[in-house]
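Asker: Each chain, letter by letter, is given below.
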Amino acid sequence: GIQVEQSPPDLILQEGANSTLRCNFSDSVNNLQWFHQNPWGQLINLFYIPSGTKQNGRLSATTVATERYSLLYISSSQTTDSGVYFCAVKGWDSGGGADGLTFGKGTHLIIQP
Amino acid sequence: GAGVSQSPRYKVAKRGQDVALRCDPISGHVSLFWYQQALGQGPEFLTYFQNEAQLDKSGLPSDRFFAERPEGSVSTLKIQRTQQEDSAVYLCASSSGGQGNEQYFGPGTRLTVT
Numbered sequence: 708g709i710q711v712e713q714s715p716p717d718l719i720l721q722e723g724a725n726s727t728l729r730c731n732f733s734d735s736v737n738n739l740q741w742f743h744q745n746p747w748g749q750l751i752n753l754f755y756i757p758s759g760t761k762q763n764g765r766l767s768a769t770t771v772a773t774e775r776y777s778l779l780y781i782s783s784s785q786t787t788d789s790g791v792y793f794c795a796v797k798g799w800d801s802g803g804g805a806d807g808l809t810f811g812k813g814t815h816l817i818i819q820p
Numbered sequence: 003g004a005g006v007s008q009s010p011r012y013k014v015a016k017r018g019q020d021v022a023l024r025c026d027p028i029s030g031h032v033s034l035f036w037y038q039q040a041l042g043q044g045p046e047f048l049t050y051f052q053n054e055a056q057l058d059k060s061g062l063p064s065d066r067f068f069a070e071r072p073e074g075s076v077s078t079l080k081i082q083r084t085q086q087e088d089s090a091v092y093l094c095a096s097s098s099g100g101q102g103n104e105q106y107f108g109p110g111t112r113l114t115v116t
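Protein sequence lines, in the order shown, are assigned to chains A and B.
The working numbering numbers the first residue of the first sequence as 708 and each following residue consecutively.
The working numbering numbers the first residue of the second sequence as 3 and each following residue consecutively.
There's no promise every hint is true.
According to the in silico footprint, chain A covers these stretches of chain B (three or more CB under 8 Å from chain A) [what the hints assert, rightly or not]: (1) 42-48; (2) 70-80; (3) 104-116.
Derived, one-sided and incomplete: chain A residues facing chain B with beta-carbon distance under 10 Å [as the list claims (entries may be wrong)]: (4) GLN710; (5) VAL711; (6) GLN713; (7) SER733; (8) ASN737; (9) PHE742; (10) TRP747; (11) GLY748; (12) GLY759; (13) TYR780; (14) CYS794; (15) LYS797; (16) TRP799; (17) GLY813; (18) ILE817; (19) PRO820.
Quick list of the computed label-pair ranges, beta carbon to beta carbon [unchecked claim]: (20) B:ARG83 to A:GLN721: 47 to 53 Å; (21) A:PRO820 to B:GLU104: 15 to 21 Å; (22) B:ASP20 to A:TYR776: 41 to 47 Å; (23) A:ASP800 to B:ALA55: 29 to 35 Å; (24) A:LYS761 to B:PRO63: 18 to 24 Å; (25) A:ASN763 to B:GLY30: 40 to 46 Å; (26) A:VAL771 to B:THR78: 37 to 43 Å; (27) B:PHE68 to A:ARG765: 42 to 48 Å; (28) A:GLN721 to B:ALA55: 47 to 53 Å; (29) B:GLY99 to A:SER735: 16 to 22 Å; (30) A:THR773 to B:THR78: 27 to 33 Å; (31) B:VAL14 to A:GLY708: 46 to 52 Å; (32) B:GLU70 to A:GLN749: 22 to 28 Å; (33) B:SER7 to A:LYS761: 23 to 29 Å.
Note that these hints are calculated values from the structure, not bench results.
By construction, the Cβ of each residue, glycine as well, lies at the ideal position given by its N, Cα and C atoms.
Here chain A stands alone, though its shape is the one from the complex (with noise of 0.2 Å):
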């Protein structure tokens, strides 16, 4: 199955710092998600990009599809932004397991006052 790996794996910055967070993955997509994970564990959606380039507020994303990776952007960080972030990837494939989302192992984001 496709595969997606993240980078880093934890980031901790400074409040006001910019970020940048990768994702790699193995295959084509037709569904690439972004999600930050509070600390009660809800998952939010940030942005649906499986191409292209979307902004919304401090947070921006990049994917370029036919290079197979994803970055997210995060600009002038406050400590609420602190949690882990997901991409999660879905192939063109469907059935024997490729119908969901395949997630990375996230970053793990600590944003210090």
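Keeping the supplied structure of chain A fixed, place chain B upon it in accordance with the hints.
Answerer: Coordinates of chain B only, in the frame set by chain A:
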């Protein structure tokens, strides 16, 4: 409500008991997914419904796991004869179209088997 809801939020079961976990998807969403998230890991796909049809159940870890969505709306994930390794957070997600559409997740049910 507007989002995906799950109940119960927490469940403690003794080893060998049966449990049933409920998911209410976003109204009108045809696709429904179940995932299992172990501590410190990303969620892993279990099964997928399109309306009432279970189209993919290859992620279910054993025949003790069973899911249904009889009327194409609410879904139940049932685990029979629970084992300690079943302890995890069980997440439900729904989407408005097929598997390629954006998925929205519920808050999860944290299952602890003692």
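Asker: Please list, smallest to largest, the hint numbers that this structure does not respect.
Answerer: The structure breaks hints 2, 4, 7, 12, 13, 18, 19, 21, 23, 24, 25, 30 and 31; every other hint is satisfied.
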